[in-house]
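K.L.:
Chains as they are written, first to last, in full-length UniProt numbering: chain R, 1 to 801; chain Y, 1 to 801.
Hints listed in this document are in silico derivations from the structure and should not be mistaken for laboratory results.
One or more of the hints may lead you astray.
A few chain Y positions that, by computed beta-carbon distances, are all more than 12 Å from chain R [said to hold, decoys possible]:
{"#": "1", "residue": "Pro152"}
{"#": "2", "residue": "Phe173"}
{"#": "3", "residue": "Asp300"}
{"#": "4", "residue": "Leu311"}
List of simulated lysine-lysine pairs, BS3-like, C-alpha gap at most 27 Å [as the list claims (entries may be wrong)]:
{"#": "5", "chain 1": "Y", "residue 1": "Lys224", "chain 2": "R", "residue 2": "Lys689"}
{"#": "6", "chain 1": "R", "residue 1": "Lys680", "chain 2": "Y", "residue 2": "Lys229"}
{"#": "7", "chain 1": "R", "residue 1": "Lys448", "chain 2": "Y", "residue 2": "Lys671"}
Simulated DEER-style distance windows between Cβ atoms [stated by the list, open to error]:
{"#": "8", "chain 1": "R", "residue 1": "Ser216", "chain 2": "Y", "residue 2": "Asn188", "range": "29 to 37 Å"}
{"#": "9", "chain 1": "R", "residue 1": "Phe19", "chain 2": "Y", "residue 2": "His493", "range": "48 to 56 Å"}
{"#": "10", "chain 1": "Y", "residue 1": "Pro228", "chain 2": "R", "residue 2": "Glu697", "range": "18 to 26 Å"}
{"#": "11", "chain 1": "Y", "residue 1": "Phe173", "chain 2": "R", "residue 2": "Ser368", "range": "14 to 22 Å"}
{"#": "12", "chain 1": "Y", "residue 1": "Leu634", "chain 2": "R", "residue 2": "Pro390", "range": "25 to 33 Å"}
From the three backbone atoms N, C-alpha and C, an ideal C-beta is built for every residue, glycine too.
Protein chains: 2
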Amino acid sequence: MATLGDIGVSALINILGAFAFLLAFALLRIQPINDRVYFPKWYISGGRTSPRQSRNFVGKFVNLNFWTYFTFLNWMPQAMKMSETEIITHAGLDSAVFLRIYTLGLKIFGPITIVALLVLIPMNVSGGTLFFLSKELVVSDIDKLSISNVHPKSIRFFAHISMEYLFTFWTCFMLFKEYDRVALMRLNFLASQRRRAEQFTVLVRNVPHVSGHSISDSVENFFKKNHPKHYLCHQAVYNANKFAKLVRKRERLQNWLDYNQLKFERHPDKRPTGKSGFLGLWGKRVDSIDFYKQQINDLDRRLAMERQKILKDPKYIMSAAFVSFDSRWGAAVCAQTQQSKNPTQWLTNWAPEPRDVYWKNLAIPFVSLSIRKLVISLSVFALVFFYMIPIAFVQSLANLEGLEKVAPFLRPLIEVKFIKSFLQGFLPGLALKIFLYILPTVLMIMSKIEGFVALSVLERKAAAKYYYFMLVNVFLGSIVTGTAFEQLHSFLHQSPTEIPRTIGVSIPMKATFFMTYIMVDGWAGIASEILRLKPLVIFHLKNMFLVKTERDREKAMNPGSVDFPETLPSLQLYFLLGIVYAVVTPILLPFILIFFAFAYLVYRHQIINVYNQQYESVAAFWPHVHSRIIASLLISQLLLLGLLSTKKAANSTPLLVALPILTLTFHKYCKNRFEPAFRKYPLEEAMAKDLDECNSEPDLNLTAFLTDAYLHPIFHSFEEVELTEVRFDKNQTHVPIMSVDGNNDHIPTPSSETSSPSPPHHYTYHYEDQPPHTIQQYEIEQQPYNVFHYGADSPSNVYHY
Amino acid sequence: MATLGDIGVSALINILGAFAFLLAFALLRIQPINDRVYFPKWYISGGRTSPRQSRNFVGKFVNLNFWTYFTFLNWMPQAMKMSETEIITHAGLDSAVFLRIYTLGLKIFGPITIVALLVLIPMNVSGGTLFFLSKELVVSDIDKLSISNVHPKSIRFFAHISMEYLFTFWTCFMLFKEYDRVALMRLNFLASQRRRAEQFTVLVRNVPHVSGHSISDSVENFFKKNHPKHYLCHQAVYNANKFAKLVRKRERLQNWLDYNQLKFERHPDKRPTGKSGFLGLWGKRVDSIDFYKQQINDLDRRLAMERQKILKDPKYIMSAAFVSFDSRWGAAVCAQTQQSKNPTQWLTNWAPEPRDVYWKNLAIPFVSLSIRKLVISLSVFALVFFYMIPIAFVQSLANLEGLEKVAPFLRPLIEVKFIKSFLQGFLPGLALKIFLYILPTVLMIMSKIEGFVALSVLERKAAAKYYYFMLVNVFLGSIVTGTAFEQLHSFLHQSPTEIPRTIGVSIPMKATFFMTYIMVDGWAGIASEILRLKPLVIFHLKNMFLVKTERDREKAMNPGSVDFPETLPSLQLYFLLGIVYAVVTPILLPFILIFFAFAYLVYRHQIINVYNQQYESVAAFWPHVHSRIIASLLISQLLLLGLLSTKKAANSTPLLVALPILTLTFHKYCKNRFEPAFRKYPLEEAMAKDLDECNSEPDLNLTAFLTDAYLHPIFHSFEEVELTEVRFDKNQTHVPIMSVDGNNDHIPTPSSETSSPSPPHHYTYHYEDQPPHTIQQYEIEQQPYNVFHYGADSPSNVYHY
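Excised from the complex, chain R in its bound form (with noise of 0.2 Å):
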């Protein structure tokens, strides 16, 4: 165990550590190359444009100007300045939520910290158990700090039982504060924001098949008849996952034309040539920008006609459709409301944003739904207590003797002293890195296959498996020693008193790995992320090799948005860590403030200039938020409960025993209160909006503005965000087969309060050997999604034969 000069060596250290990462990106930020690394969500906003046009050569790249070198930490006021309001404005309700979790932990921790450290660490200290016993055991300085130096059967226990009460009302009434305020600003979101499709449109699943009946009639006919006043207009949903597939791969083949014409703008004397065969290995050597443009035309061929086998052949169309209704009343009513006998069909619900769609997994059928779920609580429970299995299975083939017999010409490279011993340090971990780098991705196609329906459930419900992965993995796996899977067997044959006991006791003696953990995790790891080393080379790279103009710029520079999967579960984790050791080992309080106070700072900054969402769930995640909180404070209880009752505290103990019992209460009670705001839509709130539009805009034509709201993406784009970098732009002056029809020079301002298409523009194409295709491309970064018009579905459309 560490004394409390290893933690501060520990903490030099990481904080050295941070405060490189911090120095690199001040030093990148302010080079104008990088602008569009650090600054995307300004260049999306329309509020910058890029500083290199407007300087000498060098200029462009490098920042001359040495002053703002000296003030290189002034992001962090920038960062403060913005109000909320703005914010909610600039960047969404969900990001500016998010931020709100860090300032809850402020609240909540800050204080704490401070009652902790002024009362348990002088109770502790006086306490002197480990005082006396410390020629027997070897007990770290930190241990003097926490409630194992307070003798057994001592009186002291009854403040850290009040302690653990107060900070558990201070928390919940903070908690409480704080559900208030969030389902208040998601209420007045919701109010404010002007008129969306979503509020207007209910997804209906599981359709039930009527022989003699398209899909599309029977909706029609069942909400015309049940709901007469309201129905206005549906959406049917079509089976395109092929067809997705297959403009992914056309997308792929227009990198590599524009790469190769790129090449040839800049060596026009060398037309580029490449092999035919699988990833240009093999193959006889063809002219690279002919065969990429002969694959893109047999490609379009293939596409128009899978298209229309989508829209003619009824097997393609799927039992599900976004209904329409007149009203948000009528909407709200049909998603709250039981339509059918039968609960299994003619399922209702709020659809979501039309960017949140995740269009794959609405033809799963109800039975299929159940399994799914079944199977997948099954896998993440054995993804939980038993991946390390294959994992040591993999080390075990994974090991020196397994490569060399693999690859035996490696042997005299393997055997030199060095790089054995190297690869010996490495390759055991390799395999247990690598599965951790790709566990969120792992989950995440967990989810996809449970089959919920916007990207913004599969985020969260991500986020919660990674949750269980951590709590079980990281918290109880640092203190229980052994695996997970150790752990499950003993707790199976222990009694349920005696689990609270065995995690209790190892608590405090774990403090101080916690302490690493928060510096480098926690301090290091978020100060990382405010460099965003990997955006900034794969910007680089694209910028290097793809980009012809400033719109391919723009889209090579796609910031992303925040990983909610993963940041939302360690902050968790931290919560987690502060409410445990709040009464057990104060001191490890300041460090959690530390790093509340920090990533604050930097995800304030990253929301403001980096991330755009994309999605609006309007803190959708908050529920789930409060109750891993909640579940913190049982967790703490218990094992505050497990740990007295090892240190003989018979008198003391049992007055605990209220306070899960409490927290419990005050959990449900939460739930009914607040829970509905973020499930259900009043029809008060409905009524009133639609009263108040019916009076602003009396002759609005409602059903024009919802029919094309959620066009299937085999009109649209698809949920893939690779389609969107299918570019026709409107300088392409050099690609000579294309001739632009409409114009593209402005840049529409956002509007993240309308979710209807703007005008569209119209690119024709010319292709001597096949029917013309019409592109209708929307500004994607403003409007998230791109039209993908595929012959005669609108008039204006213009064909060349």
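For chain R, the structure is supplied; the task is to place chain Y on it using the hints.
P.N.:
Structure of chain Y alone, referenced to chain R:
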């Protein structure tokens, strides 16, 4: 442990006991004097008139037709004659579905019994451990037929495990079919019902207080605004609990007056007198008839005042209302949606039937409800696990020494040897017996405190509590020795895998106990159910002292409803026993089968001839029945797992682990698939019925139909049945101060489909010194509520000053 012979003797005794009850029933039921006790349902439905009118004097009381004595078992085929559809029309869907629980038991356990007896018993008998061990252990013959007889590590356990799989699948299959059928029956019943008030009405609770507006105004404004096209009218709810108390008091006084008047009629030479003090034990002697008349007059004055206060003082209006809509669709929408931003206000739910409402609980605010729920949950937990503590305490007081101390004058009596030994045997058990007798009442009071607003829900919740009590104290308590508290303590200190093992091992040993239990509680208990000893005595007592007219007699027979809070949990206990013992000791199954068959016959007879349901919940209890049987399956699987793990059947035991997971998945699927049919009302159905009605009755005045449906009990009767006994008979000419205004000759035909009040009959009182009151009285048995109009609420009232 008992041998097969012991069980045989016990069975014989119980069968004889059951036959004695049946014989007594057969003899009593054909006596004309008891006709109203054994066939009240037919009197109520108008299908039977008193058999006493057409006979000679002796024949009025005793059956002289000796032939009928020989056919004393003919009630059994008679009970089977009626079809299920007829039972639904005759007694309602609740009763018909209640009977289906018994047939479900037969369907599940019939095939299981045959298979288990044919496959498992030979397997167990030839297993033969116990034959070898018999010298050391005293083992019962029953154990030779059970799983205990199989060698440890035997391969035969695969047979038991496959049987457990088979039985689980069979049970789930039957459960699925039955749930499907019951859900369909429920929907068909709802669809076939004629217009009923509750179809159009929603109960709104937690109406917020707005200063300057009355609750009525708030409700009117809110629903006019948010349901403009569908809102029709609403009825306020008054806090009339004090008024109800006064009415009950008046009722008691009226009974005394009737009693004395009857006494006077029989002995006209002597006016009855009594003492005016407490219970007539002291005070000055007064003329009873005058005294009670005076008391009733005083009370009437107080009633009038109280009524004025309730109607005028807004404090008496509760923050709840019954809101009616112009269509079933409108009501279905309102009941299923969230109304207000604050989800704890404007809570909407389907209104229960008017006769099902428990008015007292309508005004409980939301916060109080959560606290009540917590307190009652804790109390139920304490009651289930610690009920022995107060009883042991009372027992320690209620010994002979204590009795002698309290009442020294009894000492000579107590010291008599015979009496002493009797008391010593009797006293200790007395407290426990009294506790078990009042337990259902206590649980009902707990449910009332919890705040449910419908009698049907109250009964279901009381049944759930009773089930937990039986599960812990009858099932577990009989298997594991010691009190429930001791069990709880030992379970908390055992590992989770140890508990099923501890219980599992004891299971086969307790088979004989449960066989006896089934015979005593099941067979003999059901036979005593049909005898109706308590109602028989009460009816004859009432008949002797209070009945003056034929109408009085009809009221005295008060058949009551099926006692769901007691019968449902004990039924579920039998399912549990059957499922647990099916694999372990299959010889127990025939006992259960006989119980189900016999109880089915008895309850079919009772439902046809005796019970008159107080409300119609349309089989709302089915989801509970279903999930309790699923719980039984899970318990049986866990216990078998524990039992086998002690048998060292390490190869076969892991095969069982999948079973609980599959069972839970099945449960979840059923919950999704069928439960909404019991909780929500699909819009499709609502719309279909609305359209139907619109076509058949285009110019229906719905407002008139609904205005009085949920008239508050201040105008109607109260929830207490006692009030319905306020009797003013049309033929009551010997009560000089009353004159009857209205015709009460006809007995309305039963109209279970309509809940609209039948034309009221007016009675006018002439009091010399106070304003008159008008009592509207309906036929209480056909029409479940008496209208008790006080004062000027109807234009047809007649005033005589």
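K.L.:
Can you list which hints this structure breaks, lowest number first?
P.N.:
Hints that this structure does not satisfy do not exist here, as all of them hold.
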